[in-house]
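Fit chains W, S and F to the known structure of chain G by using the hints.
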Amino acid sequence: MSEASLYQAFSTVLKRDLTLAYRTRTEMVNPMLFFIIVISLFPLAVSPDPKVLQSLAPGVIWVAALLATLLSLDSMFRSDFDDGALEQMLLSVHPVSVLVLGKVLAHWLVTGIPLLLLAPLLAVLLHMPSDSIPALMTTLALGGPILSLVGAIGVALTVGLRRGGVLLSLLILPLYIPVLIFAANAVSNAAAGLAIAGQLYFLGALLALALTLAPIATAAALRISLR
Amino acid sequence: MTEFFHMGGYAFFVWTSYGLATIILIANVILPIQRKKEILNTLKRRLRREQS
Amino acid sequence: MWLFFHKLGSPKYFYDLSGKFLPWFGGLTLILMLLGSYWGLVVAPADYQQGDSYRIIYIHVPAAWMSLFVYIVMASAGAIGLIWKMKMADVVASCSAPLGAAFTFLALVTGSLWGKPMWGTYWVWDARLTSELILLFLYLGFMGLEAAIDDKRTAANACAVLALVGVVNIPIIHYSVEWWNTLHQGSTVARVDKPAMDVNMLIPLLIMWFAFMFYYGTTLFMRARNEVLYRERDTAWVKEMVTE
Amino acid sequence: MPLTDRFPSQSQMPESTPDKSTPGLTVKGLTCARDDRVLFKNLDFRLEPGQALQIEGPNGSGKTTMLRILCGLTLPTEGEVLWNGLAIEDNRAEYMGAMDFIGHAHGIKKELTPMENLQVAMAMANTRPEQSLEAVLEKVGLRGFEDVPAITLSAGQCRRVALGRLLLSKSLLWILDEPFTALDVQGQAQIESMLVNHVEQGGMVILTSHHPLALKDGMLKIINLRP
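Residue numbers (the working numbering), protein chains in the order written: chain G, 1 to 227; chain W, 1001 to 1052; chain S, 2001 to 2244; chain F, 3001 to 3227.
There is no bait here: all hints are sound.
Label pairs and their computed distance ranges (CB to CB):
1. Phe2210(S) with Leu41(G): 49 to 59 angstroms
2. Ala197(G) with Trp2125(S): 20 to 30 angstroms
3. Tyr7(G) with Glu2178(S): 35 to 45 angstroms
In silico BS3-like links for lysine-lysine, alpha-carbon gap of 27 angstroms or less:
4. Lys2239(S) with Lys2020(S)
5. Lys2007(S) with Lys3041(F)
6. Lys1044(W) with Lys2152(S)
7. Lys2007(S) with Lys3028(F)
8. Lys3110(F) with Lys15(G)
9. Lys2020(S) with Lys1037(W)
10. Lys1044(W) with Lys2020(S)
11. Lys3041(F) with Lys2087(S)
These are computed hints drawn from the structure, not numbers from a lab. We put the beta carbon where it would ideally sit given N, CA and C, even for glycine.
So here's chain G without its partners, still in its complex pose (with noise of 0.2 angstroms):
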C-alpha cells in the first residue's frame, strides 16, 4: 500500500467533504452567524462603552468562537452516519486516523477560516485597538484547528448517541480551556502592547499535540462508536 494512495485517499476524503459543504452551503453560514450574534450581545448586555468593551473584547470574541465551533461540530460525522459513509471509511484499507484528519481538516476550512475572516469586524466591533488584530488573527489560526481536532474526538464518542448534542458540550469544553486560556491572553497583551511571542509558542505546542494525537483517540472512538 504506497504511500501515495494514502495521500490520495485523505486527499479524497478532503474534497469530497468540500464539495458536499459547497453543495449545502446555507448550513455553513449558521456558524457565522452565531459568532456575529453572540458578540454583539455583550454591547446590549454590558455597556456600549468602548473602554469597557475593549477590556471584554479579547475573552468574548475567543469564547464566541469557541461555541461557534461547538455547534458546527455535531456535522463533521452526523450525516456520514446516518447514511452508512462512516461504516465505509472504517473499512477502508487505510488507516482511519489519516482520512479523520481530511474530515477535521475540511471541518476546519469550512467553520474555522470564516471566523478567522469575521473576526476583523468583530474586534472593530467592539472598538478593539488596531494593532491588537494581528494576535487575533494568529491565535484564531493557531487555535481554529485545535478546536476542530480536540472536538472531533467529542463528537466521535457521541455520534451514535439520539442527543448527543449537549453531552458533547459537557465532553469537549473542559478540553478547550487550554487554548482559550492562552489565546485570550496573547490578544489581551497585544492590545497592551505586552510580547505575546510565549503564549504563541504554546497555542503552537498544543496544535502540534492535537494534530499528532487527537486523530489516533478519534479514530480509536469511532470504531467503538460503531460497534
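Positioned in the frame of chain G, the structure of chains W, S and F alone reads:
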C-alpha cells in the same frame, strides 16, 4: 469542652466541612450496601420464578 | 505477577478475593479516619496565622489528592480494558467514577469553606480550586457519557478513550490554570505558602491520607462486587450464591 | 484492538504469515449476546473462494449483527473470525483490502452524483479498476444517471450505485445486507447474475436475503438463525 466546639471562632466552617465529609463518606458506603440487597432480591425473585 | 493480573480478570476470582480484603480495608479505614480526625482536631496545635480554621486541610488535602488519584486509576483501568479487553478493568473504571466525583466535590466545598476565613469570600479563582472545578467537569463528562450509551461494553470502551484523553489534558489544564492564575492573582493575594508544618500537624495529615486511600479501596470493592454480581447474574456461581 | 491505530506499513508483516492452507473466511465458536439476549451461539463454518453463504432467519434474529461481526465492525461476545488463517484484527489491512461490506445504509452520499460517489469509493478501496466508471454504472443499469445528484435518484437506484462499487473494487469477499431491497424485478435479476458470476470466478459472497440464488449446490451454504 465548649471551647473545643468553638474552634477559635471558625466553628461554622470547620464543622460544616467535617459534617459534609461525614455525610458524603457514609453515603458512599450505604449506597452500595442497599444496591447489593436490591440485586440479591431481584435475583432471588427471578430464580424463584424460573424454578416454579 | 502476570498470572495474578490475568486471574484477576475473572469476575469470580475478583469477587472472592475482594470479599476477603473488604472487612480488613473497612476496619482499617474506620480506625484511620477516627484517629486522624481526633489527632487533627484536638491534638494538633492551632495555626499561628489562621487559628483553628486550618484544620479543614485534614479533609480538603486528602480529598483533593484522591480526586486526582482516582482519575488516574480510571484512565489506567480504561486503558487495560481497551487493550487487553478485561471486563474487570471496565468495572473498576465505571465504579471509580462516582467516587472520584464525590472526592472532587468534597475537595471543592471544603476548599471554599476554608477560603472564606482566609480570603474573605467563598469562591476565589485560585489555581488549585479552578483545576479542581475543571476536574469535576471531567468526571461529570465521564459519567454522562457512560449513562448515555446503552451497551455496557461499548460504554466502557468509549469512556476509556475519554478518560485517556482527559488524563493527557489534566497536566496541560493544570499548568494553564496555574500560569493564568499567577498572571491575574499573582500580585493581589499574598501567596499563602504552607507554614513550616509542626510535626503534630503533619502526622494527622498523613493518617487522613491513608484513611482516604483505604476508604477508596473499600467503597470501590463494594461497588465492584455489586457490579460483578449484576453482570454475572446468569452464571452458576451467582445463582448458587443467591439461593444459599 | 489496540488503542493506537498503527499504520500497517509494508515492512510490518503480521507476526505469522497467513498460511494458504486455510484460504477464505473461517469462523470459530462465534457467539453474540445483546444485553443478555443470546442472538446466536457457537457458530462454526468455513467459506472458501468460489462459495456463497446465505443467512436466513426472522427479523431480529441477529443477521445484520452477524454480518457486522464478520466484517470486523462489531466485536462478538465470544469466538473469532479468521481470514486466510489469521484473526481479522491482526491482518486488518489485508482483510479490508479483500472484503467489501454494503450494509442496510449503503453509504451513498445524497448530495454527490453517482460518479463522485464511485470516485470516493475507489480512493477508499485504493484500487485502479480496469473498467471505467461509466461502464460500471451502465452494468448496474444507471446509464444516463451518471451526473445526476443522488438525491433525485430512487432508493433502488441508490442501491445500484452502492452495488456498482463492488464491481469497481477487486475485493474477493462481498458481505451484503439485504442486497435486493428496493430493487425492481429487472434490477434483482441483474444483481443476482452479478453475484453468481462473481462466485463462479472464484469470489465469495455472504448475504442476508430470502432471494434464492441460482448456484450449484456445492457452491451455496445456508445458515438459518432460528430463535
